[in-house]
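J.: For the record, the sequence lines run as chains A and B. Quick note on numbering: my numbering labels position 31 of the first sequence as 31, and the sequence is numbered without any gaps. Quick note on numbering: my numbering labels position 79 of the second sequence as 1079, and the sequence is numbered without any gaps.
If you're looking for bench data, these hints aren't it; they were derived computationally from the structure. Yeah, the Cβ is synthetic: ideal placement off N, Cα and C, and Gly gets one too. Errors might be hidden in some of the hints.
Claimed, not checked - Capping the alpha-carbon separation at 30 Å, the derived lysine-lysine pairs in DSS-like fashion look like this:
1. A:K99 to B:K1070
2. B:K1057 to B:K1071
3. A:K37 to B:K1009
4. A:K37 to B:K1057
5. A:K99 to B:K1071
6. A:K22 to A:K57
7. A:K68 to B:K1057
8. A:K99 to A:K37
Stated by the list, open to error - From chain B, some residues computed to sit far from chain A (all C-beta separations above 12 Å):
9. Q1006
10. R1011
11. T1020
12. L1022
13. A1024
14. D1062
15. G1063
16. N1065
17. Q1072
18. S1084
19. S1094
20. G1108
21. R1110
As the list claims (entries may be wrong) - The following label-pair restraints were derived from C-beta to C-beta distances:
22. B:Q1017 to A:S12: 40 to 48 Å
23. B:G1051 to A:D27: 23 to 31 Å
24. A:D59 to B:P1039: 25 to 33 Å
25. A:E15 to B:E1052: 43 to 51 Å
26. B:L1069 to A:E15: 45 to 53 Å
27. A:L46 to B:V1088: 34 to 42 Å
28. B:G1053 to A:A70: 40 to 48 Å
29. B:G1097 to A:S28: 18 to 26 Å
30. B:Q1072 to A:S9: 31 to 39 Å
31. A:S18 to B:G1040: 21 to 29 Å
32. B:G1096 to A:S111: 20 to 28 Å
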Amino acid sequence: GENVEQHPSTLSVQEGDSAVIKCTYSDSASNYFPWYKQELGKRPQLIIDIRSNVGEKKDQRIAVTLNKTAKHFSLHITETQPEDSAVYFCAAREGGFQKLVFGTGTRLLVSP
Amino acid sequence: NAGVTQTPKFRVLKTGQSMTLLCAQDMNHEYMYWYRQDPGMGLRLIHYSVGEGTTAKGEVPDGYNVSRLKKQNFLLGLESAAPSQTSVYFCASSYGGQGPSEQYFGPGTRLTVT
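Extracted from the complex, chain A is given alone in its bound form (with noise of 0.2 Å):
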């Protein structure tokens, strides 16, 4: 089955700074990478997926890279803010099912 390895588990940058976090895949079937966001006490939210057909989608601020090759996906957060302070969890699609199989997680502090 899929297996989902992401990182760093904890990311702290000064606010209008770039975050990134990184997360690998280990099927090649798996053809949908989405990204969501949990604050303190609250449901996860998707921000933002990605397709295995397209390799970087952008919305604003946050952008996703995907690397079929290998097998690497990662979100990019620009200019961040301290509403940006959350767990971010990656997630891969297995190929064929509607199963998600999730990231750790990586919990983002951003500072003023």
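Knowing the structure of chain A, use the given hints to seat chain B on it.
T.: Okay, now just chain B, sitting in the frame of chain A:
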């Protein structure tokens, strides 16, 4: 639309007790999921359902049972609770079909087993 709702929000059980967590969605989604979230371990899939009357095992199914008698509801049961089942439980739902679709999560249930 309420989206995905879960009851109860909090529960404390003694070892050996049983309980049922209820998940409801009003988005007419085909697929529903139960996850548990533990510190440092992300979200792990317990069971899922691809339609009314169907269920399947996820990554960590032992000690749990599920039922999907109605399309909008997905129940998670603990027959004999153990301290290892102390966790935050999230339900999620998504559209059906072959293509990938966003999973919408409920607010979670915090369960403590003493």
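J.: Hints numbered earlier in the text: which of these fail when held up against the supplied structure?
T.: Hint check: 9, 19, 20, 21, 27 and 32 fail, others pass.
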